[in-house]
Amino acid sequence: MPFLPLLLVLAGLTIFFSKRKCKAIEKRESHTPPVVVKGHTYFDSVEDVQIQPVVRTERVKYARCVCVIGAGYMGALTAIVLASQNPHIPFHVVDSDEQLIAAWNSDRVPVPEPGLEEMLFEDATESSPTQNGAVDQDSEFGAFVSQLPRARKLKNINFSTNVHAGVTVADLIFLCAEARSSTKSEELHGLDLSHIQSALQAIAQVSTGHKIIVQKAAAPCGMIPRIKNFLKETASPSASFDVLSNPDFVVPGSALRDLLYPPRIVIGHVYSEDMSPEALTAVRRLYTPFVSEERIITMDAWSAELSKLVASALLAQQITSLNSLSLLCESTNAKINHITQILGLSQRAGLGFSASQRVDLLCLVYLARELGMSDIVDYWASVLRMNELQPAWMIQRVVGRISGALVEKKVALLGMTSKHMGDMSGVIGLVRELTQRGVEIRIFEPYFNWTDQGLCISDARKGFIVANSAEMACMDCHAVMVITDREEFGPDQVRWQGIARHMKTPKLLVDLSGRFDQLQMQQWGFDLLDV
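Going by mature numbering (1 follows the signal peptide of the UniProt record, and there is no 0), the letters in the sequence shown line up with residues -24 to -1, 1 to 507, in that order.
If you're looking for bench data, these hints aren't it; they were derived computationally from the structure.
A portion of the hints provided could be inaccurate.
As the list claims (entries may be wrong) - With beta-carbon atoms standing in for the labels, derived distance ranges: (1) GLY185 / LEU321: 42 to 52 Å; (2) MET448 / ALA78: 40 to 50 Å; (3) PHE266 / LEU301: 36 to 46 Å.
Stated by the list, open to error - Quick list of in silico lysine-lysine cross-link-like pairs, PhoX-like style, CA-CA up to 25 Å: (4) LYS204 / LYS37; (5) LYS131 / LYS204; (6) LYS37 / LYS208; (7) LYS131 / LYS37; (8) LYS386 / LYS480.
Ideal placement from N, C-alpha and C gives every residue a C-beta, glycine not left out.
Please take these sequences and the hints and turn them into a complete structure.
Next up, the structure:
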């Protein structure tokens, strides 16, 4: 064993020099700062200390995740259109209304918007509702297939009631919670802003880092600085915001088409030192996949907000004017549809303008009142009053054609929504007026889920019956009102001659769509009232 002492000596020397090297490294590292990862050193992380998420403080140039607060008519359609054109960006549509979210998550769209079924579902044409609301099951496996969830086209959009979760993950938030008309609100003279306030509180509670807030729904002018001040006062100090305005200019009933092919996109901002060009770019990039650059306009927030209100006000003014002229036409045997044709107007008289247009008009009245312009207040308030009188005027015209009192008379309403109305606000007023006069109402609307959603006329619910078909709705009725302008209720889609045989005199047909021929309907036995 002559080599054993030599091996021991070499091992000792190795240990000696290794210790000296370790001491030298420790001495050198004691003068350098520790390595910090995500706000913690290595030793912090192994001591079970909870690591906080990284807070983004930089300006948002690209929207990586979008949240839309408000699953109403405009909020949901805006999200669907943007999601279809930006498949790489997830969209979260959130709303506290559980029934509304359940409706969007179901296999039936809650609004009869042309083209919406085709955009949402793979099998839109195959499982569209028939006249009685059923699904065609001619194939051998039709009954089984109809029970399966319908395949959706858009994989990057979801609907949820978890508002906080949607806000937390998003870096760009569309505020689509709408102001609502309410006579109880004295502060804004008929406007209820509680939904907008709740949405802002949710944003303030969970926001960290930098986010872009885009005000899109109808609201009084000057909302952008209000939103900025509210978030600055209530949100976490770690949160920062860019607040922009992006009003819509859609016509009720053709919203999907107007959103896909907009004549212009308006982005409004407040001129200030902290104004962010990056925020304007981020919003602009959501539209550039389907809107040309020259049609995307940036301007001050006041002009953007007011232009939205003015567009709705002028359309509401036109509808109200046509309704008043329609009364004159009936008294003089003139035809309102002939007059609109001569003037080149596509808008027809009817039951009045939509609830969203009423809110826009209330916002305009509120602004004029705040500025002390009483004459302007009176002018636009008169348009609102004329619209509220329209259901009563319509009933008076029906009474003039039906002999005797309306008590115990039966009236059928076909279709609860029209492409021009966009919602049921006018129909609700009509149903209330008729039921208060003792009329029995029969309604047929294949697109409305009565069981899940109900109707916002609970005080009149005892006065109407829901029918399964147009024929059943009109059976033994004295009058039928065709409210909708959808194709399934057109002159060639319904067996009107057979319906006339089972109606009672005077067999009044009130045409709000302007599609029925006077001579043809008279030959079938109808007394046509064209409005």
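Checked hints:
1. The hinted window of 42 to 52 Å between GLY185 and LEU321 holds, with their beta carbons roughly 50 Å apart.
2. In this structure the hint that MET448 and ALA78 lie 40 to 50 Å apart at CB is violated, the actual value being about 28 Å.
3. Under the hint 36 to 46 Å, the C-beta atoms of PHE266 and LEU301, about 38 Å apart, fit the expected range.
4. With a CA separation close to 19 Å, the supplied pair LYS204 and LYS37 stays within the 25 Å bound.
5. With a CA separation close to 33 Å, the supplied pair LYS131 and LYS204 exceeds the 25 Å bound.
6. A hinted pair counts as satisfied when its Cα atoms are at most 25 Å apart, and LYS37 with LYS208 qualifies at roughly 21 Å.
7. A threshold of 25 Å between alpha carbons decides the hint, and for LYS131 with LYS37 the separation of about 24 Å falls inside it, so the pair holds.
8. Straight-line distance between C-alpha atoms of LYS386 and LYS480 comes to about 9 Å, which keeps the hinted pair within the 25 Å bound.
Checked against the numbered hints given earlier, the structure breaks hints 2, 5 and satisfies all the rest.
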